[in-house]
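Undergrad: As a plain string of letters, each chain reads:
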Amino acid sequence: MDRRTFVKGSAAVVGASTLAAGKVYAQAAAPDKLRFGYAITQSGPLGPGADSTTISAYRLWQKQVNDAGGISLKKYNKKVPVDYVSYDDQGKPDELLKLTERLIQQDRVDMVLSPYASHMNLASAPIINRYEFPVIMTTATTNKTYELGPRWPYAFWNIAQPRASSGALSKALGDLKKQGKIKGRVATIYPSVEYGVENNEAFIAAAKTDGVEVVFTKSYPFGVSDLQPLIREVMAANPDAFIAFSYPPDTFMLTEQARILGFNPQFMYVAIGGVFPSYRAKFGNNVNGILVYGPADPRAPGMDAFAKAHQAMFNRPYESGAVNVYSALQVTQQAIETVGEIDRKKIRDVIASGTFNTVWGEIRYVNQLNANPWAVGQWQGGELACLFPADKAGAKPMLFPKPAWS
Amino acid sequence: MSEYFEVFLSGLLLGGMYGLIALGLNLQYGVARILNLSYGEFLIGGAFVAFFTITGITISIFGVAIVALPPLNPLLSLLLGPPIAFAMNWLIYQFLMVPLIRRAPDQDVLDADVVLVTFGLLFVFQGLALVQWSGDLRSYEFLAVPVKVAGATVPLNRLLAFVGACALAIALFLVLRHTRFGSALRAITIDPVAASLVGVDVRKYSALAFAVGGALAAASGMLVSTFNSFSATTGVEYTLKALIVVILAGVGRVTGTLAAGLLLGVVEQLGGKLIDHSLTIAINFGLFMLVLLLRPTGLFTRA
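Protein sequence lines correspond, in order, to chains A and B.
For the first sequence, counting from 1, position 361 maps to 361 in this note's numbering; every step adds exactly one.
If you want this note's numbering, it's the position in the second sequence, counting the first as 1, plus 406.
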């Protein structure tokens with residue numbers, strides 16, 4: 001080895017060690033911000049729903065966290081603000097996958113947040129699992145999560161699945177029948193989309209064990225123009241309970257048409273859209289007694305502040321689905337703060353095993369599924385009340401029978 | 407039997423709505439020869455004007471409230487929505503369509519250009535509506551009361567839309583048959599070149615037909631919003647439905663539009679009742695395909 005080589009060599013060694021030291025130093029320093037990424041539907045038919053349920057909750061949470069100084073990382077003894085990187089997946093699953101990969105590999109985000117709608121949530125689960133990013137999926141309700149959920153340890157599922165929400169309805173009817181308050185004759189209608197079909201199947205299966213008789217069950221097409229003839233047939237079957245696993249436009253239509261036709265079942269359930277503030281605004285006191293899917297308790301701790309902040313930021317009342325999304329962000333924040341740094345394996349383990357206080361009540365995951373999410377609520381006195389699961393703190397008794405239309 | 411009569415009546419009312427939403431599009435497509443894909447946005451615009459009329463609205467500029475309107479009868483919005491839509495459509499024709507018409511060598515090239523431009527307009531209007539009013543689903547209650555027609559129960563708001571559809575179709579028929587303006591429009595429908603040779607100002611009358619079509623869209627949107635929920639993004643569904651009715655009736659067959667709508671509504675409801683309710687939309691498209699196969703120029707065109 002001549003002198004020149006030796007000098008070069010030692011220079012390289014010194015340089016490398018300085019670089020290494022620099023790297024160690026950089027790792028020890030607190031990040032100046034935490035980067036959260038999400039790909040979500042901003043254009044197309046699902047865009048408005050994604051906006052009012054999911055994106056608005058993301059924006060509100062970010063503002064509130066940053067106003068408070070950020071997420072507290074105890075490893076560095078510092079609060080770090082949240083920054084977003086977001087993309088429009090245009091409602092296309094393949095686009096969502098590309099963009100999620102881009103968020104993780106190119107943008108190098110610290111955390112990933114849930115996309116919008118059942119099929120999109122399911123589509124993104126394998127990829128976030130492969131990269132080991134813990135994500136709480138906030139808008140997936142499909143019985144597939146029972147089988148597929150445990151396959152992806154990094155994916156968590158926040159809302160009530162069909163078997164839980166439909167099972168709660170069937171059990172409530174079975175109990176009313178045992179108490180002799182109802183004959184237990186049920187009519188169900190549902191749009192011929194996955195959500196409607198799965199919920200109807202789950203209900204019919206549960207009804208058998210609960211001793212509830214399904215006297216009428218029929219589907220209608222997605223985007224139906226008039227439900228009067230179908231409601232007429234429902235009335236002809238003379239049920240005392242009427243259940244519609246409906247989508248928002250049909251939820252509004254069937255409520256109006258049932259009222260016009262003077263159809264007064266003692267028990268009435270509408271699914272998606274029943275919790276919307278615009279549903280309450282349209283039907284006024286006629287909403288009282290109607291059971292709905294996916295409620296949030298407006299009297300729960302923290303909800304008053306949430307409602308006011310939402311109104312102030314967006315100039316419109318919140319939709320209950322946004323409360324579930326906000327609760328998932330609260331869980332994520334609490335898990336990060338417990339771990340004290342961005343160590344996604346540890347964050348995942350904390351979410352999987354911890355119990356969290358949120359605006360949507362206490363949340364705990366069993367096999368990554370929210371153990372006890374609010375599934376069914378009811379309008380009472382012009383306000384949403386959470387009924388089922390009945391053993392959850394804050395559950396209210398059911399108003400029965402539903403008052404006749406005024 | 408009365409059960410079927412009620413379903414038939416429901417079908418008639420539904421068909422009246424189909425005819426109603428398609429009348430304006432047939433004027434625009436049949437007379438002005440512009441396939442306006444942003445048609446449904448004007449319909450939704452009319453629905454929004456009706457919504458804010460019944461709920462009341464505070465109009466503010468830079469956060470300062472200028473006017474606070476109390477809740478009013480949504481029918482009053484017919485005085486505001488259609489005139490605005492008329493003016494906007496007239497401007498769209500004069501400033502966006504006329505340059506396309508001038509440079510297009512033939513109708514096929516024009517059709518392609520028009521589809522691209524109005525498709526773009528669709529997104530511009532939809533985007534503006536989303537920014538202004540968010541994507542929330544809107545719905546209000548108006549005349550949601552039952553009335554008895556020949557012993558069957560029908561909702562008054564749907565009946566009103568049906569009556570509106572008939573009144574507008576008859577008015578259009580009378581204008582087309584008995585006025586000079588109507589004769590000019592019919593001449594343009596049959597052959598724009600020949601019409602211009604006999605002294606019809608094709609550009610002026612086409613612009614008017616296009617603008618009236620837009621006004622009809624807004625008026626029908628108002629009537630439909632009394633019983634259907636809507637949002638900033640639902641306009642395109644109405645454009646598609648209206649297009650089916652127009653093709654079914656025959657392009658340019660303005661009064662046939664109502665008849666085609668009625669047929670579609672009755673077939674849909676009776677078919678649903680007889681076969682299965684989940685097939686109503688399939689039955690709709692089945693009828694559409696049958697007509698395309700057997701009478702591709704439409705049901706009400708002269709052979």
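No lab work stands behind these hints: they were computed from the structure.
C-beta atoms are modelled at their ideal positions from N, C-alpha and C, and glycine is treated no differently.
Be aware that one or more of the hints could be misleading.
Claimed, not checked - Not close to chain B: a few residues of chain A, all C-beta gaps over 10 Å, as computed:
no., residue
1, Asn129
2, Ala205
3, Val224
4, Ser225
5, Ser278
As the list claims (entries may be wrong) - Below, simulated SDA-like cross-link-like pairs (lysine to any residue); rule was C-alpha separation at most 20 Å, straight line:
no., chain 1, residue 1, chain 2, residue 2
6, B, Lys554, A, Lys144
7, A, Lys183, A, Ile204
8, A, Lys218, A, Lys178
9, A, Lys308, A, Asn285
10, B, Lys554, A, Arg232
11, A, Lys218, B, Tyr410
Stated by the list, open to error - Anything over 12 Å on all C-beta distances counts as not near chain A; from chain B, calculated:
no., residue
12, Val599
13, Gly671
14, Lys679
Undergrad: Each hint needs a verdict: does it hold in this structure or not?
TA: Evaluated hints:
1. For A:Asn129, the condition that its CB be more than 10 Å from all CB atoms of chain B holds, with the nearest at approximately 31 Å.
2. In this structure A:Ala205 is separated from chain B by more than 10 Å, as the shortest Cβ-Cβ distance comes to about 20 Å.
3. Some Cβ of chain B comes within 10 Å of the Cβ of A:Val224; the nearest lies about 7 Å off, and the non-interface call is violated.
4. Annotated as non-interface, A:Ser225 brings its C-beta within 10 Å of a C-beta of chain B; the closest such distance is 6 Å.
5. Its beta-carbon lying about 6 Å from the closest one in chain B, A:Ser278 breaks the requirement of being farther than 10 Å from that chain.
6. Simply put, B:Lys554 and A:Lys144 have alpha-carbon atoms about 47 Å apart, too far for the 20 Å limit, and the pair is violated.
7. For a cut-off of 20 Å, the pair hint linking A:Lys183 to A:Ile204 stands: about 17 Å separates their Cα positions.
8. Between A:Lys218 and A:Lys178, the direct Cα distance comes to roughly 26 Å. Violation of the 20 Å bound is thereby established for this hinted pair.
9. A threshold of 20 Å between alpha carbons decides the hint, and for A:Lys308 with A:Asn285 the separation of about 23 Å lies outside it, so the pair is violated.
10. With a CA separation close to 15 Å, the supplied pair B:Lys554 and A:Arg232 stays within the 20 Å bound.
11. Our distance criterion of 20 Å between C-alpha atoms is met by A:Lys218 and B:Tyr410, whose separation comes to about 18 Å.
12. Every C-beta of chain A lies more than 12 Å from that of B:Val599, the closest at about 40 Å, which supports listing it as non-interface.
13. A Cβ of chain A approaches the Cβ of B:Gly671 within 12 Å, the least distance being about 8 Å, so the stated non-interface status is violated.
14. A beta-carbon of chain A is positioned within 12 Å of the beta-carbon of B:Lys679; the least distance is around 6 Å.
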